[in-house]
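Novice: Starting from the known structure of chain A, arrange chain B on it as the hints suggest.
2 protein chains.
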Amino acid sequence: MIDLVKNLASVNRRTKASVIRELLKMTSRPGMISFAGGMPDPDCFPNAELAEIFSDILKHNSKSALQYGSTEGTAELKGEILKYLQREEGITAKPENILVTTASQQALDLVSKAFIDPADPVIVEVPSYLGALQVFASYGAKMYGIPCDDDGMRTDLLEKQLAHLKKEEEHYKFIYSVTDFQNPAGVTLSEERRRKFVSMAKKYKALIIEDLPYRQVRFEGKNAPTLYKLDSDGNVISLFTFSKTMVPGFRLGYILAHEDIIARLGILKQTTDLCTGAFQQLVAAEFMRRGMLNKHIAKVCKVYKSKRDVMLAALKKYMPEGVEWTSPQGGLFLWVRLPANMDADTMFPRALDNKVAYVIGSAFHHDGSGKNTMRLNFSYPTHEQIEEGIHRLADVIKKEMCAATRSCL
Amino acid sequence: MIDLVKNLASVNRRTKASVIRELLKMTSRPGMISFAGGMPDPDCFPNAELAEIFSDILKHNSKSALQYGSTEGTAELKGEILKYLQREEGITAKPENILVTTASQQALDLVSKAFIDPADPVIVEVPSYLGALQVFASYGAKMYGIPCDDDGMRTDLLEKQLAHLKKEEEHYKFIYSVTDFQNPAGVTLSEERRRKFVSMAKKYKALIIEDLPYRQVRFEGKNAPTLYKLDSDGNVISLFTFSKTMVPGFRLGYILAHEDIIARLGILKQTTDLCTGAFQQLVAAEFMRRGMLNKHIAKVCKVYKSKRDVMLAALKKYMPEGVEWTSPQGGLFLWVRLPANMDADTMFPRALDNKVAYVIGSAFHHDGSGKNTMRLNFSYPTHEQIEEGIHRLADVIKKEMCAATRSCL
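As given, the protein sequences belong to chains A and B, one line each in that order. Take 1 as the starting number for the first sequence in my numbering and just add one per residue. Take 1 as the starting number for the second sequence in my numbering and just add one per residue.
Chain A on its own, in the form it takes in the complex (with noise of 0.2 Å):
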C-alpha cells in the first residue's frame, strides 16, 4: 500500500479517536454496570406511535419520503419546527432560519468547518462536551476555556478572557456552550448570567453557539430563556436535537441561526451530505404534528427524574466524605468531583475490575486537566443498576483513597 501517513491531510492528522468510544469498548463485559454512555433509556422508545406514523407515510406520503429531500430540510418539519419554537421558547423564526441537520454532530461539524481556520481562537466550558472539543480540535482551533460553577459558564471570567483577546487583537471565531444540563457536568447558566452573555458577546463581536440537546428533558424547576431568543443582533447559532426528545436511530436535528448564516452552513452541508434523510424528517414532522412529542417528553422526563434521584441517593449513601456531585434539574448526566489528590483516569481499570464504568473527567477538558473528576451518566442503567453500580463505585474510591492517604492499611 502506499504511505498512507504521508497521504493525510492535516485536519486528519489532528483527528484523535474519542476516549469515550476506546473506554465504551472495555465497558460491554458481562455483568458490567456502566455509567459511561449517554444514551437514552430504550424502554421509553415510542414504538406504537412510530409504528402508527411509518404506516401512514408509507400509504400517503412514500413518493416524497423516500426521495432526496432538499438540503435545507423539508418543509412539513420546517413547519413543525417553527411552531414548536413560537409556542415553547416565544420565538418567531422564518423558514430561511432553519437548517435540518443529521443531528447535532453535523451541527457542530458544520460550524466548526464554517468559521475554523488553524490556529483561531475558540472559547470553550471547562468542562465541556467531548464531541465539540474533538471536532473544533480537528479543524485546529486553539481553544481557550472558561471554568463552569453550580450556574454555569463564569461569565466573569468570560469578560475577562474576551477583553485580554481583543487587546492581543486575536480573532476569536465563537464562544461554545451547552447551556442547559451540561454535558458533562449537568449544571445550567443562571438568567442573569446569560443577559450578560449575550451583551458581551455583542460588545466584542462575537458569535456564540448554543447547544440545546437536553434542554427539554427538565424533570423540575423552568427554562430560563433561550440565548437566541434573548439576542437580538444575530449572534446566537442554536443547536438542537432529537436524540433526547425522540430517538437517537434517526441522526435528526436542526440549527437555529440568523439567515445568512444559515445561507452559507446549507452550501456546506450540500457538499457534506447532500441532505438529511425526508424519511425521518417527515417521522419527526408527524410525530410533532400529532401532539406526541411533548407527551414523550413528559414520559421521559419523569423515567429520568426517578432515575436521578435514586443515583443522588446512592452517592448520599455510599460515598466517602470528600466527594462531591452536582444535582442536575435536567438532562442525562451528573458529575463527581473527588479530592483534589484523587485521579479518576489511573483508577478506572480498578473501577473496570469491580464492574462498574464511567467516564474520565479529564475527557471533558480541552487542556487535559480535571484528572480528579468522572462524569456519570443516569438515563440508560436501571433502579437496581443505579444503586449497585455506586455501590461498587463508592468501594473502590475508598480503597483508592485509603492506598492515598495509607490511613486504612
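Please keep in mind that the hints were generated in silico from the structure rather than gathered at the bench. Glycine included, each C-beta is placed from N, C-alpha and C at the ideal position. Check each hint, because a few of them may be wrong.
Derived lysine-lysine pairs resembling DSSO-like cross-links, with alpha carbons at most 27 Å apart [what the hints assert, rightly or not]:
id: 1; chain 1: A; residue 1: Lys299; chain 2: B; residue 2: Lys63
id: 2; chain 1: A; residue 1: Lys63; chain 2: B; residue 2: Lys59
id: 3; chain 1: B; residue 1: Lys83; chain 2: A; residue 2: Lys25
id: 4; chain 1: A; residue 1: Lys63; chain 2: B; residue 2: Lys25
id: 5; chain 1: A; residue 1: Lys63; chain 2: B; residue 2: Lys299
id: 6; chain 1: A; residue 1: Lys83; chain 2: B; residue 2: Lys25
id: 7; chain 1: A; residue 1: Lys63; chain 2: B; residue 2: Lys302
id: 8; chain 1: B; residue 1: Lys295; chain 2: A; residue 2: Lys63
id: 9; chain 1: A; residue 1: Lys295; chain 2: B; residue 2: Lys63
id: 10; chain 1: A; residue 1: Lys94; chain 2: B; residue 2: Lys25
id: 11; chain 1: A; residue 1: Lys59; chain 2: B; residue 2: Lys59
id: 12; chain 1: A; residue 1: Lys202; chain 2: A; residue 2: Lys166
id: 13; chain 1: A; residue 1: Lys305; chain 2: B; residue 2: Lys63
id: 14; chain 1: B; residue 1: Lys302; chain 2: A; residue 2: Lys355
id: 15; chain 1: B; residue 1: Lys302; chain 2: A; residue 2: Lys25
The following residues of chain A were derived to be distant from chain B, with all beta-carbon distances above 12 Å [said to hold, decoys possible]:
id: 16; residue: Pro30
id: 17; residue: Tyr84
id: 18; residue: Gln86
id: 19; residue: Glu88
id: 20; residue: Lys167
id: 21; residue: Ser190
id: 22; residue: Thr271
id: 23; residue: Gln281
id: 24; residue: Lys295
id: 25; residue: Lys316
id: 26; residue: Tyr318
id: 27; residue: Glu324
id: 28; residue: Ala340
id: 29; residue: Lys398
id: 30; residue: Ala404
Over the 12 Å line for every Cβ pair with chain B, so calculated as not near, a few chain A residues [claimed, not checked]:
id: 31; residue: Met32
id: 32; residue: Asp120
id: 33; residue: Met143
id: 34; residue: Asp150
id: 35; residue: Ile267
id: 36; residue: Ala298
id: 37; residue: Lys305
id: 38; residue: Ser306
id: 39; residue: Gln329
id: 40; residue: Arg337
Specialist: Frame of chain A, contents of chain B only:
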C-alpha cells in the same frame, strides 16, 4: 450582526453553491419537463417490502434500531454487505474493510477531509461528477483533468499526467473515477483500462477513489471487475450507495477499503455525525437478507432500460444533424454533445422558456469548459415526458443553430 465574511473559514470561502441546485429551483415551474435532476423513479419505490420490514423491526428489534449505533456501522448491515460483495463481486472482505456512511456524498466528504490539504493535486475525469468536484474544491484541491471517451477515462493520458506530476515532484493525493455508467457522461471504463489504471496506481503510488453509485443498475451486458477487485495493493477506496438500489430517502451507503484507511475514516466520521442512523441500517440489512435488493434492482433496471430506449429513440427522431449522444448500458444519465460552436449555458434560459430543462455540461468540468455539452436524466420522467421533452429540446437546439449560422432566416 458581526462581520460574517471576516469570520468565515477558508474552506467556507472556497465552497460555492451548486449550479445544479440553483438551476433545479427554476425547473419546478408548471408544465416544465425536467431532465435536470438525478432522482430515481418514485413509482419503483419498494413500499410494500419496506412496510413489512418497518413493522418487523419495531416489533423485534426497536431497542437497537432506534438507539445510537457504532460509528463504523451495525454488524447486521456489514454482514449482509460482505455476503453481497462476495456473491456479486467476488470480493472477500472483513468487517474492518467497511465503513457505513450517510450515503456517498458523506463518503466523498470523508475521503476529502482525510487526504486533501489546500493545493494538493487530485486527478478527476473530464467530465466528472459535480458533487465530487464541489467537495474537492471546498478542501482546496488543485484539480487535474483526464478526458473520457466511450471507454471511460483515457488511461494513456492518465499515465502522462502521473509521469508529469512525478517529475514535478508533486505529491498527488488520489485519482477519482465513476467507473460504471458515469455521472454525467454515462460511459463505462473498459476492462483493459481498469487493469492499466490499477497497475499505474501501484507504479505511481496513487490512491484511487472508485465511485460506484450506478454499477448495479446495468440493463444489458456484463460488469467488468471493480478496481478494488483488480488491485492487490490496498490502493483502492470504493464508494457504494443504496440511493439507486433501494431508496435515496434513508441516506445510506458504505466505503470498502483497506482496514487502515477505514480506521482513519471512521475517526473522522465520528466527529462528523457520530454514526449513521441504526434504523435505516437495519432496514437495509433486512432488505438484503430477505432477497429484496436483487429483486428491486431487477425491477429498476427494467423500468430504466425502457426509459433509456424511449430517450434514445426520441433523440434519433428529433435531434438535428451535428448533435451527438452516448448510449449508456445502465445508470440514470446520458450525455449530449452539441456542435463545438454552440453554448448550452447561454441556451439554458431559452430551453426553460420552451419548458424543458437539462444540466449544463460545463458544471461537470473542473475547469468550466464543456460549454457545448449537457446531461440528460432518463430515470425520473415518464415515457410521454421523455418523448415530448426531447422534442422541445430539439426545437430549441435547432433555433439556436439557425441563429448561430444565420442559415435559416
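Novice: Any of the earlier hints contradicted here, and which numbers?
Specialist: 14, 15, 22, 23, 32, 35
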